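Just so you know, the protein sequences line up as chains B and Z, in that order.
Each residue of the first sequence is one higher than the last, beginning at 1 in my numbering.
Each residue of the second sequence is one higher than the last, beginning at 1 in my numbering.
The hints are simulated quantities; they were obtained by calculation from the structure and are not laboratory data.
No experiment lies behind these values; they were computed from the predicted model shown.
Heads up, some of the hints might be wrong.
Same chains, same label: a pair holds when it works inside one copy or across any pair of copies.
The calculated lysine-lysine pairs, modelled on DSSO-like cross-linking and capped at a C-alpha distance of 30 Å, are [said to hold, decoys possible]:
no.: 1; residue 1: 509; residue 2: 574
no.: 2; residue 1: 452; residue 2: 73
no.: 3; residue 1: 146; residue 2: 260
no.: 4; residue 1: 294; residue 2: 73
no.: 5; residue 1: 374; residue 2: 452
no.: 6; residue 1: 495; residue 2: 107
no.: 7; residue 1: 452; residue 2: 62
no.: 8; residue 1: 340; residue 2: 508
no.: 9; residue 1: 508; residue 2: 330
no.: 10; residue 1: 107; residue 2: 96
no.: 11; residue 1: 146; residue 2: 263
no.: 12; residue 1: 280; residue 2: 347
no.: 13; residue 1: 574; residue 2: 383
no.: 14; residue 1: 107; residue 2: 452
2 protein chains.
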Amino acid sequence: MLRSHTCGELRISNVNQEVTLCGWVQRVRDKGGMIWIDLRDRYGITQLIFEEGKVDQAVIEKVRTLGREFVVKAIGSVVERLSKNDKIPTGEIELKVSSLEILNPAKLPPFLIEDETDGGDELRMKYRYLDLRRNVVRQNLLLRHKVAQQTRIYMDSQDFVEVETPVLIKSTPEGARDFVVPSRMNPGEFYALPQSPQTFKQLLMVSGFDRYYQIVKCFRDEDLRADRQPEFTQIDCEMSFVEQEDVLNMFEGLVRHLFKTVKSIDLQEVPRMTYADAMKWYGSDKPDIRFDMKFVELNDLVKGKDFPVFDAAELIVGVKADGCAEYTRKQLDELTEWVKRPQIGAKGLVYIRYNADGTIKSSVDKFYSEEDLKKITGRFDAKPGDLILILSGDGDKARKQLNELRLEMGTRLGLRNPDDYKVLWVLDFPLLEYGEEENRWFAMHHPFTSPKPEDIALLETNPGAVRANAYDMVINGTEVGGGSVRIFQRPLQQKMFEILGFTEEEAKKQFGFLMEAFEYGAPPHAGLAFGFDRLCSLFGGADTIRDFIAFPKNNSGRDVMIDSPSTIADNQLKELNIRTTV
Amino acid sequence: MLRSHTCGELRISNVNQEVTLCGWVQRVRDKGGMIWIDLRDRYGITQLIFEEGKVDQAVIEKVRTLGREFVVKAIGSVVERLSKNDKIPTGEIELKVSSLEILNPAKLPPFLIEDETDGGDELRMKYRYLDLRRNVVRQNLLLRHKVAQQTRIYMDSQDFVEVETPVLIKSTPEGARDFVVPSRMNPGEFYALPQSPQTFKQLLMVSGFDRYYQIVKCFRDEDLRADRQPEFTQIDCEMSFVEQEDVLNMFEGLVRHLFKTVKSIDLQEVPRMTYADAMKWYGSDKPDIRFDMKFVELNDLVKGKDFPVFDAAELIVGVKADGCAEYTRKQLDELTEWVKRPQIGAKGLVYIRYNADGTIKSSVDKFYSEEDLKKITGRFDAKPGDLILILSGDGDKARKQLNELRLEMGTRLGLRNPDDYKVLWVLDFPLLEYGEEENRWFAMHHPFTSPKPEDIALLETNPGAVRANAYDMVINGTEVGGGSVRIFQRPLQQKMFEILGFTEEEAKKQFGFLMEAFEYGAPPHAGLAFGFDRLCSLFGGADTIRDFIAFPKNNSGRDVMIDSPSTIADNQLKELNIRTTV
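Whenever a hint applies, use it, and build me the whole structure from the sequences.
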């Protein structure tokens, strides 16, 4: 080892020891007769001290050549500091250096290697290896490591077997777009990268592996939104001989374990909500239940009072913002503009102020008597001082808009503390959703999800009403995982493909191996997958997954550090039997 | 849960309990009044018993419809067996079934789901999900799980951080052929799948991660030999502020830990051998040291005695086979034919028998006196009863041929017991090897490997003589891992690319990011990677890695189960801006 200790290790008990440290120069303070250096590594910072006259002048001269981020090796003895620093664990000591070696010099970094940096996003991504030196970014990745570690500890303790499934698999048109890989040995043919190991984990259940898990890379060639990555990581799991309830308990257990071991948080009971209730009360299948503010429907109270907007609306629905009656006209106008932005798309916003003095004032006083308004505030259980915000329109749209408004109000009212974690199961998703454009049914989860047995008869008569044995885990309004009980019998699987518009031939070509497998003794099974990047960002209290990925890609799918993707050589294309058309 | 216990769980202490089991029908024995079923799951086998007259006749009738591999759920009470089976942990009890449910019927499997199966290789691969049901195959994958688990436990204990590196990276022509992935969002450009995370792990060192590891999929588009897979798994590691010695100790520690925890073997000391010695004594850079049989060079003893073959040969070299002097003429002829096969390519084989009675007899008695032969047997430290086998020719070729012969003799003499593990470090590899065809130097390990500091001066004058700070771990004659101390300074890295024939522009285009990173404070670092599939197969005592991969590909790179690779839709090609040329 080039060092005897790390930069985070020395304490008062090490005083008088001769030690060797290696690390990066974080900061140099030169006070003439004395020079101090903060030496940094992954484990911490230790202060080096050089006293002119007490150390070779050659050493002093060398120290004066050091710049930020130089890599050095320092030998010296540990001494007690005169002025201690109680902010860092090594703050009671410093290293009185007798010998210094520059292991590698450093050019001036293009941005500050500090918690608060002056580097913009593109610059930090280009020099990601420098960005990763910053405490905040490194902590994110150390957190990720810990979440992975604790996930494995839990899964191992529950007898799950880690099995690696292949990365070079087969393209299937159902679902998102695949990344494909031309096969040199099979000209004209392509592998696809997995969007998830779905079919393989089901085959492992057919194989009798009973409990499978894997922390695994998956790939989707989608147009990237701010917080999507073309490659992402899943905690992927499957179990045999279980029912939905068993899966919920098992993975509630995992999340409980992670909160306990990673965040030292004892998770409260995890409530469950049907998809129908989530949509009705929150206008979202991933409600943030850190705060209440449930939707209240008002159709019966507000229609027929000659207010044309409400009379024409399919749904009139509102939320109550506690203690906001004193919002000024300006604030309310601003909020109205906020919901009218194209991203939300509401036509307008109706408010009712339940003033502290007991009077009620609304933006629709023209149409509604005080008694009418009392009935409305009554339905909200409003108290004096509360504000009611009402949207109207097409049912689904109004709900979606009100969901956005609810979340915005939650944020404004400070009800969405990232350190307050509320976990929720959403259950009973619809099995199918109708694609108006394509004029056919699509699987809401995926084609392998089992309908609820009591709804199977509806597959023929009313497919849209069939509920799935599917479940999502939602934390603080973010979907972190989802899964389902699977179909495990060929006839039902075949029926599903039929409903999804597959010809028999297509179904056989793409998923014949799975349907055949179901005929050789497939056990009942169910599973789920967590979005690992997302889970880590939630644990880190951050909004974006990119900060929790060591080498992420930008919104055009580029790694700007290594400059990839890139053109390849003509002979590579030739060997692969392909040609580019640009 | 559909079951209360697994099929491997019930013991005599469970007698009289009412339990529910689920599993696969392994075997049905119908003796008229009594029917027994062996019910199997991942955890074991439990015997079910159905007694006519003591259970509903409907149950008996249902039992009689069961075939192999049906999936059933059985409820009953645990009873002590009359005739116990001490071969299985559940052998003292059986389940007296009161109720039976068929969860899924099964067609007759295309081959026997038994340790010894009648299924051929292709059939078993097509129905891999059935092959995985066989004990032997499942045990391999459970072993793999355990090796992964214990690897992580050790690496975690040594403060290594698990970091995921990207799968969609950049194609570089140095090394093996890349798999590439067309980028839809960047028309005409391609990602490449990593042959290893080499540059990324080095960047993580530049980032100060200090100790990194990952169990990670890698990809090589090579023509597949029997035991190569296009996707394979590595245990990939890197450390900062270390010297070669530290890496050797760290990973000797890992392997020691794995042998202890996975195989309950206390590994003996791990010897070290230079590449030069390995070639000299064993004709191989991965010698099998489970047995001795070192090479002995004879040039000085055998030349100038008018035996034209030896006089013309660059090298005359032999091995001693203890106690084989009694090999018959037929056996020796057969051995001669064996070395003359094209796979080995020797011109002939010279033998010297040191007979039990002290006489010496050779195939070259015409040219050598008894005294000459005595000198030769003396150099081998031969005893009466030993046999000496000698090859000659071009130095490197003769060594390679003798290596094959040595291994073959080791096998024939039973000296290569797969349960006897001998671990070895091979050190001081040459940095470069000359490609005669390409007329240039190639990196023996990879372009990032550091020359030994004392050999750097030779880079200019005699590149072939430069030794690398590179090391391989060899177990029982198989290379299981390898690595090196890395170059961490730009000038030396640039020099290396120059020697390898890169223009400055090429070097910059492909590895500019790494060389630039070296200028911003790169620490000295070193690392290594283990072939995880190979390591598992060694622990499993098997020759082929395929049996330790859940879903392997065949020699044409095909997954015959899912039938991949396959053609993709025209609109996919169009979106990707590529066209096939077949």
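Against the structure, the hints:
1. 509 - 574: This pair counts as both: shortest intra-copy Cα distance 29 Å, inter-copy 22 Å.
2. 452 - 73: Between copies only: 20 Å across, 65 Å inside.
3. 146 - 260: both (12 Å within a copy, 25 Å between copies)
4. 294 - 73: neither (61 Å within a copy, 44 Å between copies)
5. 374 - 452: neither (42 Å within a copy, 87 Å between copies)
6. 495 - 107: between (65 Å within a copy, 20 Å between copies)
7. 452 - 62: between (74 Å within a copy, 27 Å between copies)
8. 340 - 508: neither (49 Å within a copy, 51 Å between copies)
9. 508 - 330: Neither. Shortest intra-copy (62 Å) and inter-copy (58 Å) distances fail the 30 Å Cα cut-off.
10. 107 - 96: within (26 Å within a copy, 78 Å between copies)
11. 146 - 263: both (10 Å within a copy, 28 Å between copies)
12. 280 - 347: within (21 Å within a copy, 86 Å between copies)
13. 574 - 383: neither (75 Å within a copy, 61 Å between copies)
14. 107 - 452: The answer is between: 26 Å across copies meets 30 Å, while 63 Å in one copy does not.
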